[in-house]
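Each protein sequence line maps, in turn, to chains A and B. Counted the way the numbering used here counts, the first sequence spans residues 1 to 322. Counted the way the numbering used here counts, the second sequence spans residues 323 to 467.
A hint or two may mislead.
Claimed, not checked - Beyond 10 Å from chain A on every Cβ pair, some chain B residues (computed):
1) A345
2) Y349
3) A350
4) I366
5) T369
6) Y376
7) V378
8) F380
9) I382
10) R405
11) S406
12) A420
13) G438
As the list claims (entries may be wrong) - To give an idea of the chain A side of the interface with chain B (calculated C-beta under 8 Å), a few residues:
14) M48
15) L49
16) K69
The hints are simulated quantities; they were obtained by calculation from the structure and are not laboratory data. Small disclaimer: the values here were computed from a predicted structure and weren't measured. Glycine included, every Cβ here is placed at the ideal spot set by N, Cα and C.
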Amino acid sequence: MPNNKKRPARPAAASGRRPTNKSSARRRPAPTAAPATGLARLNHEHPMLVRLVPVALVVVIIVVMIVIKTSGSPKGGGSGGGSGSSALPAGVLSAATSVSPATLASVGVPKGINPPSAVKGTPALLKASDGKPEVLYIGAEYCPFCAAERWAMVVALSRFGTFSGLTATHSGTLDVFPGTQTFSFYKSTYSSPYLHFTPVEVKTNEVVGGAYTNLESLTAAQSALQGKYDVAPYTTQPGSIPFMDIGNRYLINGASYTPQVLQGLSMQAIAADLNKPSTQVALGVDGTANMLTASFCTITGNRPASVCGSPTIAAVAKSLPK
Amino acid sequence: MAVPRWVTVSTLALSVVAFGISAYLTYAHYADPTSLACPDTGTINCTKVTTSSYAVIFGIPVAVFGLAWAAAVTAINVPWAWRSAPRWVHPLRLALVAGGAGMVLYLVYVELFRIGAICLWCTGVHVTAVALFTVVLLSRPSEAE
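Sequences and hints are given; from them, build the entire structure.
Pasting the structure below:
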């Protein structure tokens, strides 16, 4: 501690140090220059308080971030936008987008995978504005069946093109198969020379006022497609999700496999099982992916040949409903 | 320089705690990130944080950065370092803890808004970093000789 008996080498004011005791501070002559500013005065009278300003700033910033997060203002932040999504765990994307053809061939389409429905009649091929055949997906982040279907969609669509901006999310924690870990298509992009993928996540997995908050809206054309094809005879539950219109050729109304196989598994655990043909995860996800891949091949003119021409996909394509 | 005993004791204790937690996080990162003793309540999920793409910066795990930082502050907060004469020691100490506090702000932002989960062990390091920042600010050389 300071030695008050010693005369300081420099006056406290000149050294920038606080006075060694209050009495000496009081005895200090009035400044000859301009009067002390408020901050200087505060620093002089309450030096400890001033020193804690940086700490207070840090604490205030943290508290503000917590308040913003818990109040749900800009939910999800950057990558997730207004959704209940977050960054993908390391390694998950690469595992899901590069399941080996050997694994997919080994899995095939096992029992328990619901096939898509063939669209009745011969409507025009659904095409996007870029002229490519279109795959429309309508789902929601809270929906556990969508959660399961997304894994297979990512595996299958990655054989035709490339995703970017995929994030992690989970199904609603108050729904059946609570907290099923999955991808969110919200704000993601997909590019492919063969098809156009249009995902719409209509709700988040966050409940406000007793209901899941809205995320994305359907266009009139998308609503019309859902109104036309997400009803009987294709489903007993009109408007059910996930709903997929695969080029007006095939429809997915509900999950193709049970989300039960993903229950309690982290995204890393699910991703790790994708390349293990004997696991329940691989049977459900990869099996559905094979079926989706075969469906996609029907609207891409069986391109690319490296995918659509494989014996497994060709065999699955033959088994699709007519 | 002379400082109150509580300053040397508390900064060393906080530094050692930060070092210990950082060492555990680093070990878990390389051994098995899912092995962290941490509840998973959705919001609190250590694995989700420590295995996210944000857990590595420039190819180096954030846990390793934390361990290096904790080692540095532990070294500079030993009593001998507090007593040392060189004038650069205290500014360096201040820079280290200020940098630590700044990193805490970034990591809390990432946890809340990018990953959507909080890691309790990481929070332990964050709390000790802010506490160190507080104590070091309160112990500037004005209390010395």
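Here's how the hints hold up against the structure:
1. A345: 21 Å, holds
2. Y349: It holds; B:Y349 is separated from chain A by about 18 Å at its closest Cβ, greater than 10 Å.
3. A350: 14 Å, holds
4. I366: At roughly 13 Å from the nearest Cβ of chain A, B:I366 sits farther out than 10 Å, so the non-interface label holds.
5. T369: 6 Å, violated
6. Y376: About 6 Å separates B:Y376 from the closest Cβ of chain A, which leaves it inside 10 Å; violated.
7. V378: B:V378 is in fact no farther than 10 Å from some Cβ atom of chain A, at 7 Å.
8. F380: It holds; B:F380 is separated from chain A by about 14 Å at its closest Cβ, greater than 10 Å.
9. I382: 13 Å, holds
10. R405: 13 Å, holds
11. S406: 17 Å, holds
12. A420: 7 Å, violated
13. G438: 3 Å, violated
14. M48: 6 Å, holds
15. L49: Violated, about 11 Å.
16. K69: At about 5 Å, which falls below the 8 Å cut-off, the nearest Cβ of chain B leaves the hint on A:K69 intact, so it holds.
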